[in-house]
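Counting from 143, one number per residue, gives the positions in the sequence shown under our numbering.
No lab work stands behind these hints, which were simulated from the structure alone. Hints are not guaranteed to be accurate.
Pairwise CB distance ranges (calculated) [to be verified]: (1) Pro446 <-> Gln153: 50 to 60 Å; (2) Thr165 <-> Ala241: 37 to 47 Å; (3) Ser233 <-> Ser175: 46 to 56 Å; (4) Gly167 <-> Thr390: 23 to 33 Å; (5) Asn356 <-> Gly268: 17 to 27 Å; (6) Ala331 <-> Gly278: 34 to 44 Å; (7) Ser232 <-> Val154: 21 to 31 Å; (8) Ala357 <-> Asn286: 29 to 39 Å; (9) Asp160 <-> Ser415: 31 to 41 Å; (10) Pro355 <-> Thr417: 23 to 33 Å; (11) Leu155 <-> Ser415: 38 to 48 Å; (12) Gln153 <-> Asn194: 36 to 46 Å; (13) Pro264 <-> Ser175: 24 to 34 Å; (14) Ser233 <-> Pro355: 36 to 46 Å.
Okay, derived cross-link-like pairs now, SDA-like style, lysine to any residue, Cα gap no bigger than 25 Å in a straight line [to be verified]: (15) Lys176 <-> Val156; (16) Lys179 <-> Val166; (17) Lys179 <-> Pro161; (18) Lys179 <-> Ala190; (19) Lys179 <-> Thr436; (20) Lys179 <-> Thr218; (21) Lys179 <-> Val465; (22) Lys179 <-> Gln168; (23) Lys179 <-> Ala159.
In this text the structure is predicted, and so the values were computed from the model without any measurement. Beta carbons: idealized from backbone N, C-alpha and C, even for Gly.
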Amino acid sequence: MSTYVQIFGQQVLVVTADPSNPTVGQMWYNSTSKTLKFLGTTTAGAWASGGNMATARFYLAGCGTQTAGLAFGGYTPPTNSAATEEYDGSSWTSGGSLATARRYLAGCGTQTSALGFGGYIPSPPGSTAVTEEYDGTSWTSGGNLGTGRQELAGCGTQTSGLAFGGTPPITGATEEYDGTSWTSGGTMATARRGLAGVGTQTSGLAFGGVDAPNAITGATEEYDGTSWTNGGSLATGRREPAGAGTQTSALGFGGGTPGITPTAATEAYNGTSWTADTSMSTARRALAGAGTRTSALGFGGGPPATAATEEFTGAGSPVTKTVTAT
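Make the full structure from the sequences, and use the hints.
Take a look at the structure:
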């Protein structure tokens with residue numbers, strides 16, 4: 143039996159403003175802009191420019207989402223930065239500064255509940271074990287890492303964080319945070335520095351970096367809350383990349399290839415292997431990332447230090463399209 147919609151068709155909704163939460167396939171006429179629109183999906187991943195940060199920097203940390211991102215710390219030669227900035231999907235605004243300015247740090251969590259740990263401080267020069275917690279307004283001291291280190295990576299939340307890798311010396315050591323203190327976790331198979339991480343404390347992903355022989359690696363490892371196991375390697379080994387997403391649905395982008403040449407290469411991970419995706423508009427290393435596999439944010443990086451921000455929309459993501467004569 144034919145349905146009403148099959149016989150008479152679907153009525154086009156007339157509105158004065160685009161719907162706030164349309165479903166894929168929904169069509170409407172915006173009487174204000176006099177345009178016919180529908181919610182479709184993207185056919186390929188794409189990077190687009192976002193608002194620039196107020197402070198250009200690299201070797202920074204980041205967390206959050208594409209529409210609620212957080213950037214903190216970093217390096218604007220010749221000075222370490224304590225600056226914190228919050229992204230709303232269009233522009234960055236200043237947040238509370240870190241108590242300890244540093245570069246080569248790591249972070250995790252959300253814009254209103256973040257964790258920043260480790261890094262390099264110039265006085266006295268060397269790695270730090272300092273951990274700070276952000277509440278959306280200001281940073282307060284948390285429990286120190288068991289081992290001070292820089293060029294490490296992290297993932298998880300403010301009350302369930304994961305720190306891994308770093309230097310000196312180059313290490314595969316892992317620590318788990320419970321909201322108060324850090325305890326030792328399983329050691330990575332490949333000790334390295336300048337790597338990236340995404341996921342959670344019980345389902346983490348580590349990729350890229352520089353290993354103990356001082357060679358750039360594409361090695362990927364997966365953490366289950368106790369131990370690390372090898373995953374599929376990046377197609378393009380790189381140091382100081384950024385990442386977004388989860389252990390089974392991740393995005394890795396930017397970084398430095400041999401010769402420390404910045405790259406714009408982007409790869410997607412499905413829990414087994416990495417495949418090439420659309421490259422960033424600006425090649426850079428030592429940047430930070432936030433968001434998900436299909437809705438990622440990349441910001442900062444260098445050298446030279448940049449404030450540029452890019453937003454990634456993955457294939458299959460919902461997108462509003464305007465119907466034209468063509």
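Handout entry: Distance restraint evaluation - Ser232, Val154, Cβ atoms, bounds 21 to 31 Å
Key = holds (29 Å)
Exercise for the section: Would you mind confirming whether the straight-line C-alpha gap from Lys179 to Val465 stays at or under 25 Å? Expected result: holds (6 Å)
Exercise for the section: Could you check the hint for me, namely that Thr165 and Ala241 are 37 to 47 Å apart, CB to CB? Expected result: 46 Å Cβ-Cβ, so the 37 to 47 Å window holds.
Practice task
May I ask you to test the hint 24 to 34 Å on the CB atoms belonging to Pro264 and Ser175?
Solution key: For Pro264 and Ser175 the Cβ distance comes to about 53 Å; the hint is violated.
Problem - Supplied distance hint 17 to 27 Å, evaluated on CB atoms of Asn356 and Gly268 - result: holds (19 Å)
Practice task
Could you check the hint for me, namely that Ala357 and Asn286 are 29 to 39 Å apart, CB to CB?
Solution key: Given about 31 Å between the Cβ atoms, the range holds.
Problem - Outcome of range test on Cβ distance (Pro355, Thr417; 23 to 33 Å) - result: holds (27 Å)
Exercise for the section: For the pair supplied as a hint, Lys179 and Val166, confirm whether the alpha-carbon distance does not exceed 25 Å. Expected result: holds (12 Å)
Problem - Straight-line alpha-carbon gap Lys179 to Ala190, limit 25 Å - result: Judged against 25 Å, a Cα distance of about 21 Å means the pair holds.
Exercise for the section: Compare the distance between the alpha carbons of Lys179 and Gln168 with 25 Å, and conclude whether the hinted pair is satisfied. Expected result: holds (9 Å)
Practice task
Can you let me know if the beta-carbon spacing of Gln153 and Asn194 is within 36 to 46 Å?
Solution key: With a Cβ separation near 43 Å, Gln153 and Asn194 satisfy 36 to 46 Å, so the hint holds.
Problem - Beta-carbon spacing of Pro446 to Gln153 - inside the hinted bounds 50 to 60 Å or not - result: At 55 Å between Cβs, range holds.
In this structure, the hints that do not hold are numbers 3, 13, 20, in rising order.
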